[in-house]
Each structure stands twice: as C-alpha cells, then as structure tokens.
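Peer 1: Chains as they are written, first to last, in this note's numbering: chain A, 1 to 337; chain B, 338 to 674; chain C, 675 to 1084; chain D, 1085 to 1494.
Hints were generated in silico from the structure; no laboratory data involved. Quick caveat: nothing in here was measured; it's all calculated off a predicted structure. Heads up, some of the hints might be wrong.
Here are the simulated SDA-like pairs of lysine to any residue, each with C-alpha atoms no more than 20 Å apart in a straight line [claimed, not checked]:
no.: 1; chain 1: B; residue 1: Lys384; chain 2: C; residue 2: Thr682
no.: 2; chain 1: D; residue 1: Lys1408; chain 2: A; residue 2: Val37
no.: 3; chain 1: B; residue 1: Lys598; chain 2: D; residue 2: Lys1487
no.: 4; chain 1: D; residue 1: Lys1129; chain 2: C; residue 2: Asp723
no.: 5; chain 1: D; residue 1: Lys1129; chain 2: C; residue 2: Gly932
no.: 6; chain 1: C; residue 1: Lys719; chain 2: D; residue 2: Phe1136
no.: 7; chain 1: D; residue 1: Lys1129; chain 2: C; residue 2: Glu720
no.: 8; chain 1: D; residue 1: Lys1209; chain 2: D; residue 2: Glu1258
no.: 9; chain 1: B; residue 1: Lys384; chain 2: C; residue 2: Lys821
no.: 10; chain 1: D; residue 1: Lys1257; chain 2: B; residue 2: Phe446
no.: 11; chain 1: C; residue 1: Lys1077; chain 2: A; residue 2: Phe295
no.: 12; chain 1: C; residue 1: Lys795; chain 2: D; residue 2: Phe1088
no.: 13; chain 1: D; residue 1: Lys1209; chain 2: C; residue 2: Glu677
no.: 14; chain 1: D; residue 1: Lys1209; chain 2: C; residue 2: Glu832
no.: 15; chain 1: C; residue 1: Lys1077; chain 2: A; residue 2: Asp256
no.: 16; chain 1: D; residue 1: Lys1487; chain 2: B; residue 2: Asp593
no.: 17; chain 1: C; residue 1: Lys821; chain 2: C; residue 2: Ser1053
no.: 18; chain 1: C; residue 1: Lys1077; chain 2: B; residue 2: Arg666
no.: 19; chain 1: D; residue 1: Lys1231; chain 2: D; residue 2: Asp1158
no.: 20; chain 1: C; residue 1: Lys799; chain 2: D; residue 2: Pro1089
no.: 21; chain 1: A; residue 1: Lys266; chain 2: A; residue 2: Phe295
no.: 22; chain 1: C; residue 1: Lys1044; chain 2: C; residue 2: Met770
no.: 23; chain 1: C; residue 1: Lys799; chain 2: A; residue 2: Asp108
no.: 24; chain 1: D; residue 1: Lys1454; chain 2: D; residue 2: Gly1465
no.: 25; chain 1: C; residue 1: Lys1044; chain 2: C; residue 2: Gly775
no.: 26; chain 1: C; residue 1: Lys1077; chain 2: B; residue 2: Asp593
no.: 27; chain 1: C; residue 1: Lys847; chain 2: A; residue 2: Lys266
no.: 28; chain 1: D; residue 1: Lys1257; chain 2: B; residue 2: Gly444
no.: 29; chain 1: C; residue 1: Lys998; chain 2: B; residue 2: Val374
no.: 30; chain 1: A; residue 1: Lys261; chain 2: C; residue 2: Lys998
no.: 31; chain 1: A; residue 1: Lys3; chain 2: A; residue 2: Pro191
no.: 32; chain 1: C; residue 1: Lys1077; chain 2: A; residue 2: Pro191
no.: 33; chain 1: C; residue 1: Lys1044; chain 2: C; residue 2: Glu832
no.: 34; chain 1: B; residue 1: Lys603; chain 2: A; residue 2: Phe295
no.: 35; chain 1: B; residue 1: Lys384; chain 2: C; residue 2: Ala687
no.: 36; chain 1: D; residue 1: Lys1487; chain 2: B; residue 2: Arg548
no.: 37; chain 1: B; residue 1: Lys384; chain 2: D; residue 2: Asn1286
no.: 38; chain 1: C; residue 1: Lys821; chain 2: A; residue 2: Met257
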Amino acid sequence: MAKMTMIEAIQSAHDTAMERDERVVVYGEDVGFFGGVFRCTAGLQEKYGPTRCFDTPISESGIVGTAIGMAAYGLKPCVEIQFSDYVYPAYDQIVSEAARLRHRCAGDFTCPLVIRMPVGGGIFGGQTHSQSPEAVFTHVCGLKTVMPSNPYDAKGLLAAAIEDPDPVIFMEPKRLYNGPFDGHHENPVVPWRDHDLGEVPEGYFSLPLGRAEIRRPGEQVTILAYGTMVYVAQAAAEEAGIDAEIIDLRTLLPLDMETIKASVVKTGRCVIVHEATRTSGFGAELATLVQEECFYSLEAPIQRVTGWDTPYPHAQEWDYFPSPARVGRALQQSMEA
Amino acid sequence: MAKMTMIEAIQSAHDTAMERDERVVVYGEDVGFFGGVFRCTAGLQEKYGPTRCFDTPISESGIVGTAIGMAAYGLKPCVEIQFSDYVYPAYDQIVSEAARLRHRCAGDFTCPLVIRMPVGGGIFGGQTHSQSPEAVFTHVCGLKTVMPSNPYDAKGLLAAAIEDPDPVIFMEPKRLYNGPFDGHHENPVVPWRDHDLGEVPEGYFSLPLGRAEIRRPGEQVTILAYGTMVYVAQAAAEEAGIDAEIIDLRTLLPLDMETIKASVVKTGRCVIVHEATRTSGFGAELATLVQEECFYSLEAPIQRVTGWDTPYPHAQEWDYFPSPARVGRALQQSMEA
Amino acid sequence: MSEFPPLTFNVPAPELRPGDTPDFSGVEIPRAGSARRPPVDVDPKEIRDLAFTIIRVLSRDGEPTGDWAVELPDDELVEGLRHMMRLRAFDARMLMAQRQGKTSFYMQHLGEEAIACAFQKALYKGDMNFPTYRQAGLLIAQDYPMKLMMCQIYSNAEDPNHGRQLPIMYSSKEYGFFSISGNLSTQYPQAVGWAMASAISNDTRIAAGWVGDGSTAESDYHAAMVFASTYKPPVILNVVNNQWAISTFQGIAKGESGTFAARGHGFGIPSLRVDGNDYLAVLAVARWAAERARRNLGPTLIEYVTYRAGGHSTSDDPSAYRPKEEGDAWPLGDPILRMKGYLIRKGIWSEERHTQAEAEIADEVLAAQKEAEAIGTLSSGNAPSARDMFEDVFEEMPPHLIKQRQEAGY
Amino acid sequence: MSEFPPLTFNVPAPELRPGDTPDFSGVEIPRAGSARRPPVDVDPKEIRDLAFTIIRVLSRDGEPTGDWAVELPDDELVEGLRHMMRLRAFDARMLMAQRQGKTSFYMQHLGEEAIACAFQKALYKGDMNFPTYRQAGLLIAQDYPMKLMMCQIYSNAEDPNHGRQLPIMYSSKEYGFFSISGNLSTQYPQAVGWAMASAISNDTRIAAGWVGDGSTAESDYHAAMVFASTYKPPVILNVVNNQWAISTFQGIAKGESGTFAARGHGFGIPSLRVDGNDYLAVLAVARWAAERARRNLGPTLIEYVTYRAGGHSTSDDPSAYRPKEEGDAWPLGDPILRMKGYLIRKGIWSEERHTQAEAEIADEVLAAQKEAEAIGTLSSGNAPSARDMFEDVFEEMPPHLIKQRQEAGY
Ligand SMILES: Cc1ncc(C[n+]2csc(CCOP(=O)(O)OP(=O)(O)O)c2C)c(N)n1
Ligand SMILES: Cc1ncc(C[n+]2csc(CCOP(=O)(O)OP(=O)(O)O)c2C)c(N)n1
Ligand SMILES: [Mg+2]
Ligand SMILES: [Mg+2]
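Can you build the whole structure from these sequences, using the hints too?
Peer 2: Quick look at the structure:
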C-alpha cells in the first residue's frame, strides 16, 4: 500500500493496466508528453512510448471516434476529455456509436472503451470548467457511468472500467483530486495522505462496477451522493447532528439499488445530493426509483439538494455549490416532515 | 378555420411567421426546394425566396452554429433537424452556446432560435429514426422544450416558439403527423381532418408556452403524457375502464406544475408515460416533482410506462412502443396499490 | 455608413429542376487514359491535378487505356461484371419486396455498382471497411450469402442483427464489413481509428472509410481528416459523389471547393478523383491507395464521380426535385453496360452469355429470396423474439434491464 | 499473409523539448516584401502560394517594403504602437493581480499583441468579431475602458457579465466583440452565421471569426468552412498560429497539411499566411480581406504566424514542455520592438518618447486598476449578488427558477 492522491491513483491505474495488457492505449489532449493538464497520465508516454500514450489534436469527436474504431479493432482505448464541459462535441459518437454498437450488430463488433473526464466545480472554473453532465449519459442505454470519490476507489474502478467489455464514462471530481473537500471552502483541503482512502495498493487491483459503499452508517435518513458531494453530506450530517446513512453510489449506472433500498426501507427518509443542475439531473432518477421501490416505507418527501438550474457562475460559485448548510436544511426538513 | 394535418399546421406556422416578420429565416437539410423530407417547409422557398428558406449542407452543428450567429445578429432562425436522432452533432452548440449565451454575457447578446425536429417511433424507423431525446434537453438550463400532440397546438406553439426571445427545442411526434395514433398499430390512422384538433386557424395565432392541457378530465388517477403518448393514454384509460385524468404537457420546460399538482392532489395517483428510454428520462423529473409537491396526497407509487432501456429496435418495434395494454396495466396497478 | 453597396446572399442551386431537359454538356469529362499514374510514394503536392481531373480507364469504345489500365485475368473481369449484375438484380428484387410489404425500407445502388464491387477487390482478408448504406457491393463482391442479407432486410429470425437494425444496415466482421450506422459520417473517424489501431499493433491490415458527397459536410469528416493527416494511419478515405444527397445537389456540400477530392489538399493527403462508373478505373485507384496504406505511406482520399440513378431510398421520389431523364443523360454511362461492352469487345463475353448470366443471377437471387422468406419477412411475424431485444445492450445484462425484461413479460 | 512489413505508428513530435537549445533555423522566413498583393477579386486558385509563404511588410531593419506596405498617417502608426504597449502593460498588471489573489485566472497575449490590435483597424463600427480568449487587443484598439475589462476580470459588482464568466471572457456588442465562449471553435460557425445574416438582411456589416492553431482541429472549424464555402458570406476567418496549444505543438493539429492557411484550399477560400508579429502586415492583410467581404466576394482565411511567448494561462508552466528560451529565439521577433524600431527610424518616435509612453500607459493602467479595485476584486467580496445568478437564464424567469431562487434564500 502507498499513499496516493486521486491523481496518482488514476495515473497508477493507467500504469498497471498498460503493463498488464498491451492492448490498453491512452490518449487525449495534452495527455502524452506533458501527462495531462491534471497530470493523470504523467510518465506514461516515457514508460510506454508514444505509440501507446500520445497527444491528440483538439477534437473530442475525433478522440472518441477513433477510439471506437480502435475498440472495434480489438484494442482497449482509455481516452481523456480535458474537462467534462468539453465532452459535448463527442456526444454523438458516444450516444449514437459507442453506446449502440454491440446491440445494433448483435455483438459482431463491440466497444470496450473508457472515456475519462474531470467533473464538478469548486475551483472557480466558471461555467466551462465546472459542469457535472452525468445525467446526459445515464439516459443513454449501453453506457456505464462511474464517479469515484477517493483515490482507492478511483484506482480500483478505473481498472475495472478499462477491463469492462463495454463503454464506460469515468467521471473524476476534480475538486477531490488533491484531498477530500467538505464544502467549507474557507478551510484548507486535507491532503489524501492524511486520509484512509488515500491508502492505495501500488500493484494491480480492481473494484467491481455497480456497487455502492456506505460511507457512514446511520438510522435516521438516507443520503444518496457521489463524488464531491459525499464529503459535503458527511459534513452536513455532522453539523446538523443527524444520524444519516450516507451512501456513496460510485457507479451511477448500473446502480446498486439493493443497497439503496435496504437503507431507505430502514430510515424511511431520503435526501439526494448532486452538483449538477436539478431539472432532469440524475437525482430525478434516484428519487423516482426510491419512491417506486420504497413507497410504503417513506415518511417524508424525498428531497434534492443540487446545483441550481443556471450555468455554474464564477463569482457566485459558493452560492451555487450545494453547501453543507443547504444539505443540513434538507435533512432537517426531512426529519421534521 | 381550416382542416390541417400536423404537417400542414407546421408549414402554416412557418408561413405566417415569415409573413409577419422579415427576420424569420428557415433552413435545414432538404428544407428549401424540396420543402423538407416530411414537407413541413413546403412552398416556403417558392414564396419567400432562397434567401429566407434554403437547403444546407448536411451538418447539424453547422446548422445550429450558424443559426446562433444569426440570432445574435438579430434574425429569428427556425431550423430543422431532419430527425431528432441526428441532433447530437449539434448538441455542443445547443448546450454550450445557445442555452448559455444570454446568461454568460448578462443579456448583451441573446439567442432567439427554434430548433425543430421530428421525434418518436412507430414508423419502423429503427434506432436512428425513432428516438425521443427530450431529457437531454430538459436537463440543460436556458432551453425551453416543447412537444405538441396535434395540429392546433403545433401551429400555435410553433408561432410562440418563433416569437420567444430564447432558444426553443421543438419536437414533433412524427407518428402523429398525419393523424392521431392510439398505439393500436393494426388499426388504420384516423386522419386529422376527422378530428377536432385538426381544426386550425389559417391566419396567425399563438399559444403560450408553459401551459399543459387536460385532454380528459378524470378522478381516479392522473396520467402525465405528451406527444403520441397522449393518445395511447386515452386508449388505455378507455380500455381499462379507469376514470383517468389525462394531462397533455405540451411544454416540458417550463413545466405547468400547477395543472399537474391540482390533478394529482385530486386523484392521489399518477402514471407517467413517455416513449423515450426510462432511466433518466423526463418521466424521472416528473415523478420526482410530483412526489416533492404532492407527497401527502399520494396513495400509490408513481409509475412510469416508457420505452425500454434498449435502442429502439426495428422488428420488435411494437414490443418497445409503450402500448395501451402496458399503460392499462400500470393504471390497474396504481388503482390496486 | 458604408461606401459599399448592400450585401446579397448566395445560395447555390442546380441548373436543372423537374421539367428541364437534362444537359451535362457543361461537365468536363477528360479522355480515358489521360491522367498519369504517379508512384505510390509521390509527394502529394505533385499530384494536386489528380484531384481536379477524372481518372478513367475504359474509353468510350470500351478499350482500357493509359497508365491506370490494369491487366486483369479474364475470369476476374467476368467475375467483376457478374458482381455488378448480381447487385443490380438483388436491388431490383428487394425493391419489389419492399413494395410488396415484406419489409419497411430499402436503398438501392443503381448506377453506382462499380464502386464497391471493384474496390473490394483491392482489399485482403482481414482489412476492414466502414461502409455507408450504399456499399452492399463490398459484400456481393465477396460472395457473402445473399440469403443472409435478405434475412437482415426482412428482420427475420436469422437476421445476423437480430432484427434490431433498419433494413440494409448489414454487419459482418468476418467479411471486413463494419456494422453500418444510420448516422452519417460517424464511421469515418472510426475507420481512421481502426487503422491507427492496426499501426499501433504493428499489424498489416488496412481500413477503408466511406461517405457520400453530402456527408462530407458533417463535422466527423473533419475529425477523420485531421487524425489521418496527423498519424498517417493505413486508411483509404472514400467519397462517393453521386451528385445528390436526398434532394440536395452536390453544390451545397461542395461549395466553392471545385471537387470533393480537393478537400484532401488542405490536409496534405494524396487525393484522387476517379470515374466511379468505370470498374477498371476504380480497381486501379483502389489498388494504388491500398498499396500506399500497406507500405505505411498513410492515407489516401478518393472521390468517385458517379450518379445516383435511383431514388435516395424507398421513401424518396426524385422526380420532385430533378429532371426525370437526368440519369440517362449522365455522361459517364452505366457501369454494367460499359464493362459488358469491354468484355464483348475483348471477345470473352457476348450478348448471349450476358442474357444467360442475367437469367442465372435472377435464379440465384430468387433462390436466396425463397430461402430467406421461408424463415420469414418483416410482415410474416417470424421476427426475433422481443425477449432478445434486451440482449447485447451490455455484454452482461444489468439488474435494471433484467427487471424491465420481466416487466415486458419475458 | 501479407507481403508487406508490419505497419508502424506515426506521432509527430516537436524537435525540441526542455533542456534543448532553441533553434528555428529550419523555419523558412521569406524576405519582407517578397509576397505579391493580388487584387481582392482574384481567383483563389491563383494565390495558392500565398498560403505557403509569409506575407511580411516590416523588413529586418524596420522598413516597410513590397506590395502589402500600406501608407498610414503618423498618428495612426503611433496609436498602433501605443495599443500594443497598452495591451502588454495591461497583461502584466493583471498577471500580477492574479498572483496576488485578486482573481482566479488570467490569460496573456505576450508576443501576439500585433494581431488583434492591427486587425481591429480594418473593421468599421458595426462589424462583429467572434474572438477567442486571446484577442483582447480588439477591445484595446478601440479604447474600450480598461476599467470595465478589469471589473470583468475581478468579477465585481460592475462586471458587465455580472460575475458569471471566467476572467477575460469579455463581451461587448457595442464594440463589436461577441461574448467569448470557453469552448474552443464554437464561435467560428457563429461568425459565419452572423455574416450570413448580414447578407440575408442586405446589410453592409461584416464578421470575423477567430481560432487558435490547436482549435482548427475541432469539428466546428469544418462546419464554419463548409458554410462559408457554400454561401460565401462576408466573413474573415482568422487562425492565430502561435505554435502551441497548451503543451501541444502545432504539428499535432497541422499534421501533414503544410500550413494552417492551406486548409482553406479544399474549400476554394482565398487563404493568406501573414507575419503575425508585423503590425503593418496584419493590417494590410486584414484590410484586403475586409474589402473582399464588403464587396460581397465572400470569405477569406488568414493564418497569423506568431509565437505564444508566455504560458497558456496562469494555470500553465511551459517550461515543462518546451525550451525556456524558445520565445526569445523566435525568428519573427517582438511585435512591439519591431514597430518601435520602424517609428524611430521614420523619425516620429524615439527612445525617450517610448520610455515616456511606457510610463504614461503604466499610469493609465494603474488608474483603471485602482478604479476597478475600488469596486471590488474576486477576493474582496463585492461580487454581484447571488440573487442575480438566477437572472438571464431566460428573458423571463420561469416558475421553477423563481422557486429555486427562493430556496436559495433570495
Ligand atoms: C447525422 C445525420 N444527418 C442526417 C441524416 C439524414 N440523411 C440520411 S441520408 C442523407 C443524404 C446523404 O447524402 P450522401 O452523403 O450524398 O449519400 P448518398 O445517399 O447520396 O449515397 C441524409 C441527409 C442522417 N442519416 N444522419
Ligand atoms: C472544446 C474544448 N476542448 C478543450 C478545451 C481546453 N483548452 C483550452 S485552451 C486549449 C488550447 C487551445 O490552443 P490554440 O487553439 O492553439 O489557442 P491558443 O491557446 O494557443 O491561443 C485547450 C485544449 C476547450 N477550452 N474547449
Ligand atoms: Mg450523394
Ligand atoms: Mg495556439
């Protein structure tokens, strides 16, 4: 085991995958020589040569389009989109091609492909470096969508994503790259080296997709969260003094409905937290599933604490960011309902 | 008043808008000389000349990208995407540009733009001529999303969309173009000329965006539907002998929550029907809002009857299409719960 | 405030519309044999002119001429003719089947048969095409079972795609035929990516991408060209210019560019323009490009000049937007008639053998059709099961899909 | 099975990396004055060579030479120099302000000042630029209030964008400066669309689109070129080739194309390549293109050859991927020094006046900064209200947003 930041863990997942499997190739904008603007591919070009890790033209559709061809050939491309805000030019290739390939030809061709992208705000990145577009992927059948919240999960889940026989959208909450962040922006970030989940095996390991993790067991209310919001939820529960059960979804699709259901049936209350805009966000799917499967256990309306339905603003970032206080209020309301 | 098909009503909305307002320009693939593959722009080039209605290269991002520039200039472009399945290449321009323009510059530039597209299946179009991608637009703040279910609404809402100061996604259920369709594919379609809602004023009129319409008042359960599913819901309610209140949403965003709420508070039960794939579909947002706002009135879990989470298949189209029987089962279950 | 007059808006339009008399006298058709054949490692800058001419081999009187004339054994010549004839016969039957309600949709190749049939002959086993919906010739030229194609068209129980795709959206990895997508141009960067993968793997296989004239306007075309220009993978980028994109004439996509082949120049990619109705010219150019790819010299762009003699699809009626007789007036002629004329001239074919071949092929097609229809047509109810629709969304079915399948009653 | 050797994969790489000694001796720099100036209505085919040369006006010893040398009144020459100096001074202060934590982010123009400053002088009031984040010179050259730019950078209460955008993403309709998008290349087809709208409206105004070398790879670049080629609207399509796209050298985007200007050839768009560090050359070429647009002759593509002497942004450290001294070795020199040299030689400027101008400009910038900081900086807490964030999503706030605003406590 070693102490790793989330960046190092992701780099290490690439490294071990490339070492184990010659078919793994890694590319994207600034990914080669420089090792990525967030350094998640640092050293890979030097170690594996420019044939297996290289810079690309600034063309997200080209990156994904060529990766689909490579995947169909039999390689296992793992590509980086520099910010999730820039994934939209590749949306057609992802939706119409990667997601549909196996189905439309009944498995004659397949598309084992990982598309990594940093997501989320809290870095004063303004509207084009802060988005969380998970819901526009979870709506697309044929895609898996993953969002880890710590170095350990990041490495294990990225390994699994690369091994997966189908396309995986892998979202990295950039606000967590260097340390967990509880939403109190005035406080310094705790580096991962001081955190249990910064403890990561140096060699290969993988974690199955589709399994949530209970980050805090609790009895009074269930919080469904993922990425940065896991820590915001923790802060909120503590500050509000409410015995919340916090579930870190880790994989949004396929979803670990078992774990969610068991918790909500127990607590009878549910608060969902995500950073993306509210309307038609992934929280809507979660709330709907919970009421479909746990209707008779629910004692209060399911609540959503989310980014507002506005672009992610620059100056007003902390008014936009779902804060522990906002989550706390929702918990309170849920308890009082 | 005249009898019009939905195609004629849409053509007429274009025509009256172009006549009233010089700034309205209409373009898209095969839209000019030929008048559109569905004929929704027939005769416009002849009447207004190729400067105001013209064919474009096959480039959805170019169509929308240039339209944004035109809208910023001060024109009012109304463009056609040949099938909604082909809107994804334009997704970046829609999400990152059209939807954000007014906000990011605080109104210095604006984007009055209509993007029309036929949606939905039931025409043996297979996976690339059948999709209903409304949810990937309703998640994007800054967009309005409209889906009429009949000629009268189509004309009135398209007129309003063209006048709207902001970008509007205008979705046309192609299965309804020539007549209402109740999901019984073995029956012939009833032409619009034999239907009340095929009665459309010839001259200019408009209907406000954001207002739903109750298509069938009822007491036992509320059905939320839009587009083709309005007729499927009607058939289902009749066949199941359940006194359902059927709300045709017409505009998905902004949503007429008042009407929905009043109905669900009254009935205590809610079934949502849409053709799009289920997970993270617009039904999830509807269900979530209903449980948020009507929790204490609900006597049964809100149910979704939707397309399955698979691509829209060709041969198995009628197993995919949400049928009156499936809706009827959901109504029954809702009543029994 | 401006000293300049008001601007005006330019919208290109075809010269002729329904009711006009077809007239291609303005189209310049270079003499067969007039274009030179450069070495495969030529500097692209030195062959700019080949993007503005039309490389032609079969002369007006059916004689192969010039540098590009390849020597083909007689049996291969006859085989080429038969492939084109078979494709045409196949189209005719399937058009009829569609009209009879046996399937929902069909797209034919009328007038364009030479392109895919000849191109395929430049490929080796293991190479991969990324075709559009108008390249069934790639399968026909490999004697892919017509019955299977028909099963796909009928979406019946033996459809290799399990009834999931629109008719004619074939897929066959074994035959180097990538699963067709209904979305235009998306497969172009995929072809480049496949070729990059082959180079990365130190393989010897090459790829070919296909788009139509209209589809070159799509953004993915650019992505493909950029990646091809940068990484120089072994890929042939084909543009089939059949003059029309549904109702839209090629001038809308081409704009001021002169030719579609010229688009390659901005990328430093060698670009050739070839007579798409000339089996021998297509084969020669395809072989040249394939050799470049195999020798690691990188991509080649090829524009095939041809004419879409039929409707865009069974949903289209071209008489609404172009003169009816335009196809007959097309100056590059009919690929089958030209090849037939050559073979007769060469003494290895005759009117009688042609008539006989037509009859044989008609029988073959009919036999295949009977077999396919015995399994089922779209309307006969022998479709793949609805239960199957839930398969292959993922390799392993996740819980929510299993649940939905149960909800659907399976 | 193949008689050919295994393929290999080609990844272009810059010749020099950190630690290497900069060496641009391989870069061919044509003599100033050597490129001819064709008439504005020239057939694009006749000026292909102008996409492969570099149009230069100011010679090594600071003398304007050749066809492209425009006669400018002395005061305009001095004004041009002062604009560039002001932009550089502005950059320097804002970089410092960012380091001091007064804002989150900044992007400078070091070495590229001539391009936007000179280009703007070819435009008329009412024309519209669709800039990227590295064209603040378009505002500076119009004496747009620096205080307002700083208010934007500080996201303070008087920021015209209401604090919503990342620093330097200015917008000013009045100054013909379209709202900058953080998404690369998206504004390129928008510029074409704006120009189409102007032509449709029989207006006289023209548009200009801007992208960087790296951004030409984006798909939207193609959309813009295709629509520009087809409808020939009055638009100038600018490509600023500053050799780098963050850490990626221009060879990755350019591939085998030779130059970025050459990309225009496939579209029949007249394409020029110009010395971006030569104020006079930029102005001359911009005027030529603007005249074409105003005369309804359609689009022009211009590649500006320059060098990004600074980091990509305040988040970037270029010493990680290129030799530190590369900027100094750049053979086209510094645009300010070159202009200064020319003016001194011409006798209308001197070292003393330059020093004095530097001081004046520093004062101006400082004064603006004081004013802006009196209103607030990002860290000072005088940001636009959170309530305001809910405005302008739509013209009229829909019920769900009103509700969310209430939920937010406003
Ligand atoms: C992305 C996308 N946009 C639009 C369409 C609708 N469409 C199908 S075929 C076609 C015309 C294509 O013309 P061309 O590329 O010239 O090919 P051809 O049909 O002539 O072989 C269009 C517009 C589509 N299938 N995909
Ligand atoms: C669609 C998109 N992809 C990626 C980025 C991230 N990004 C910002 S600037 C940049 C490099 C652009 O280089 P270039 O076009 O050469 O402009 P320069 O910075 O040199 O002026 C990249 C990759 C982005 N902003 N938008
Ligand atoms: Mg065509
Ligand atoms: Mg650059």
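Peer 1: For every hint, state whether the structure bears it out.
Peer 2: A quick look at each hint next to the structure:
1. Lys384(B) / Thr682(C): holds (18 Å)
2. Lys1408(D) / Val37(A): It holds: about 19 Å lies between the C-alpha atoms, which stays within 20 Å.
3. Lys598(B) / Lys1487(D): holds (15 Å)
4. Lys1129(D) / Asp723(C): Satisfied, since the Cα-Cα distance of roughly 12 Å is no more than 20 Å.
5. Lys1129(D) / Gly932(C): holds (10 Å)
6. Lys719(C) / Phe1136(D): holds (12 Å)
7. Lys1129(D) / Glu720(C): holds (16 Å)
8. Lys1209(D) / Glu1258(D): holds (9 Å)
9. Lys384(B) / Lys821(C): violated (49 Å)
10. Lys1257(D) / Phe446(B): holds (7 Å)
11. Lys1077(C) / Phe295(A): Satisfied, since the Cα-Cα distance of roughly 18 Å is no more than 20 Å.
12. Lys795(C) / Phe1088(D): With a Cα-Cα distance of about 17 Å, the restraint between Lys795(C) and Phe1088(D) holds, given a limit of 20 Å.
13. Lys1209(D) / Glu677(C): Roughly 13 Å separates the two Cα atoms, so the pair holds.
14. Lys1209(D) / Glu832(C): With Cα atoms ~67 Å apart, Lys1209(D) and Glu832(C) exceed 20 Å; violated.
15. Lys1077(C) / Asp256(A): The given pair, whose Cα atoms are some 14 Å apart, holds under the 20 Å limit.
16. Lys1487(D) / Asp593(B): Between Lys1487(D) and Asp593(B) the Cα gap is close to 13 Å, so the pair holds against 20 Å.
17. Lys821(C) / Ser1053(C): Answer holds: Lys821(C) to Ser1053(C) is near 17 Å, not above 20 Å.
18. Lys1077(C) / Arg666(B): holds (16 Å)
19. Lys1231(D) / Asp1158(D): violated (28 Å)
20. Lys799(C) / Pro1089(D): holds (16 Å)
21. Lys266(A) / Phe295(A): holds (12 Å)
22. Lys1044(C) / Met770(C): Holds, at roughly 14 Å.
23. Lys799(C) / Asp108(A): The hint holds at about 17 Å.
24. Lys1454(D) / Gly1465(D): holds (16 Å)
25. Lys1044(C) / Gly775(C): Distance of about 16 Å is within 20 Å: holds.
26. Lys1077(C) / Asp593(B): Measuring from Cα to Cα gives roughly 32 Å; hence the hint is violated.
27. Lys847(C) / Lys266(A): Outside the cut-off at roughly 51 Å; violated.
28. Lys1257(D) / Gly444(B): At roughly 10 Å apart (the allowed maximum being 20 Å), Gly444(B) and Lys1257(D) satisfy the hint.
29. Lys998(C) / Val374(B): holds (19 Å)
30. Lys261(A) / Lys998(C): violated (65 Å)
31. Lys3(A) / Pro191(A): holds (10 Å)
32. Lys1077(C) / Pro191(A): violated (42 Å)
33. Lys1044(C) / Glu832(C): Since the Cα atoms of Lys1044(C) and Glu832(C) sit roughly 14 Å apart, the hinted pair holds (cutoff 20 Å).
34. Lys603(B) / Phe295(A): holds (19 Å)
35. Lys384(B) / Ala687(C): holds (16 Å)
36. Lys1487(D) / Arg548(B): Answer holds: Lys1487(D) to Arg548(B) is near 17 Å, not above 20 Å.
37. Lys384(B) / Asn1286(D): holds (19 Å)
38. Lys821(C) / Met257(A): Violated - the C-alpha atoms of Met257(A) and Lys821(C) are around 45 Å apart, more than 20 Å.
In this structure, the earlier hints numbered 9, 14, 19, 26, 27, 30, 32 and 38 are contradicted, and the remaining ones agree with it.
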